[in-house]
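Visitor: Whenever a hint applies, use it, and build me the whole structure from the sequences.
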Amino acid sequence: MRTLAIAKRVLKELVRDKRTLALMFIAPVLIMWLMNVMFSANSSTNVKLATVNVNTTVVTNLDKVKHVSVTQLSNHQAKQKLADHKVDGIIRYTNHKYDVTYANTDSSKTALTKQALRSAITGETMTTMATTIQKLQAQLPVAVQAKMGQQHQVTAPQIKNHYRYGDANTNFFAKIIPILMGFFIFFFVFLISGMGLLNERITGTLGRVLATPVRRSEIVFGYMLSYGLLAVIQSTVIVLATIWLLKLQVSGSIISIIAISLLFALVALAFGILMSTLANSEFQMMQFIPLVVVPQVFFSGIIPLDSMASWVQYIGKVLPLTYTGDALSKIVLQGTSITKLGGDILALCIFLVILVFLNIIGLKRYRKV
Amino acid sequence: MDKIKLTHLKKTFGTQTVLADVSLNVKPGEIFGLIGPSGSGKTTTISTMLGVEKADRGEALVLDTQMPNREILGRIGYMAQSDALYESLTARENLKFFGEMKGVQQKGLATTIEHVSQVVDLQDDLDKRVSGYSGGMKRRLSLAIALLGDPELLILDEPTVGIDPALRRQIWQELQAIRDQQRSVLVTTHVMDEAELTDRVALLIGGRIVEFDRPQVLEQRYQVTKIEDVFLKAEAEVEK
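Protein sequences appear in the order of chains A and B. Here the UniProt record's numbering is used: the first residue of the first sequence is 1, the next is one more, and so on. Here the UniProt record's numbering is used: the first residue of the second sequence is 1, the next is one more, and so on.
Check each hint, because a few of them may be wrong.
To be verified - Keeping only pairs whose Cα atoms sit at most 25 Å apart, straight-line, the calculated BS3-like set for lysine-lysine is: (1) B:Lys107 x A:Lys12; (2) A:Lys12 x B:Lys138; (3) B:Lys128 x A:Lys12; (4) A:Lys8 x B:Lys5; (5) B:Lys5 x B:Lys54; (6) A:Lys368 x B:Lys54; (7) A:Lys364 x B:Lys138.
Just so you know, these hints were derived from the structure itself, not from any lab.
Guide: Written as structure tokens, this is what we have:
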């Protein structure tokens, strides 16, 4: 009964705080949309190269590579242009060696230059070989020539691509969307609920509530009920927005995503409330963002942890976002059923039980019974 | 039976002794004043009565129950020094919420809210958000919350700060009416002429109850005419 009254009050306060609501619902969608724009932008780095004394075949081949343009210059001119940032690299051919100088202010340009040069040289070698073979062929008897000509008719095999998830345009962003969804839920619920309880403490309303026969657990559950409801709405909005706006393909069920989000929001809430007891002001609450919230992103699976040192993997295992990221990724990308995600769900439940227990004990600081 | 009975309370925070030795009792049907300079331990004494803090030594009995005790809080009306209100809610919503927390029956809640808001003269502003309230209105609403559920014991920490004289008189009349119903009121106050209105007054200095009697008796003992002079004399004596 009191739990319900507390939940109702928290929701009423939140609904009247229009800016916070907007932050919870619009900000995640906006950020995800922006990220999608950034990641799907054609990442064409254009490289300008100067060549000095390089074989024309190589130059032509280089010029044919996409996003690479070549100018043939004298050694002195090339150096001048590199110094003036007009070209991104100089390729010089001396004593049967290629001598390459990179501006190296953009590593992707350097990489592209290396790749282009390699393929240009391979191309040149192939052309030379082909010419040699033709010359040899011409010297052979006519009958043999005819036979070889037939063999030349062999066409290159065609490659047809099929995608189990998404299509040819699926990029890195698709992989991180599920983790980002989890992150946003964590971030906003953590911050807003933590701030909420902190405010109650600072203004004295918490003390006043505790001067009534309310149980400490009723306060914690009241908060969980209201923020749980909010998290369900928030994750629904985020999921639907990513599906319609960002054309995210969800292989599994949307209900499963919302269920995992709800569980994770409760973990975030309990975590936020617990952290708020360690903060004495709103600014101190903000200080937890770089300490507690941001590091979770690194360990959440956006960067694969499999190849990292084992201690790094252990850190990942004690952070709840890891399990949520894993569960949401599996639902979105592999269509895994929620019944097969028992491990992740169990891990989140353990976090939740421990945090809720700590919170109920922690409120003893403000009332001894 | 005493509504409040504190015996030899002692409380330290770290190395600082906040309550050295506090013993007092509040009888049924009495307005009891707890006065003392800032930092003398008034708020800690109240915290101990409410079970927010637990005394290191001594006994705190409230309504015949050893504190801390959760259940008993439903029979106490408490008003803190800070207003402690939900600013984005209306006054009615605040009253309703705290009524529910106190365990006031849902049926009678609306009538109770009407009654307490009349006492503090807020009946016309009940549906305004608290954020638009003046300081005095907030104080009155805070008092109204303490009055919810007709508690048999009221503990009021500085109830009349920021309230204009006319309303202050009205509030004291209400407190006297409460006393006449054999309910008890404990108030802390800085306003010394308010202390004159109490039935008995305890002077708390440096975590000790220095004087504890009817205001008139204390005035005679110190041969002064106002409780303010009792306060000043007693404080000077302690400092010696």
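Visitor: Does each hint fit the structure? Answer for all of them.
Guide: Results for each hint:
1. B:Lys107 x A:Lys12: 22 Å, holds
2. A:Lys12 x B:Lys138: 20 Å, holds
3. B:Lys128 x A:Lys12: 15 Å, holds
4. A:Lys8 x B:Lys5: 37 Å, violated
5. B:Lys5 x B:Lys54: 15 Å, holds
6. A:Lys368 x B:Lys54: 7 Å, holds
7. A:Lys364 x B:Lys138: Not satisfied, since the Cα-Cα distance of roughly 28 Å exceeds 25 Å.
Checked against the numbered hints above, the structure violates hints 4, 7; every other hint is satisfied.
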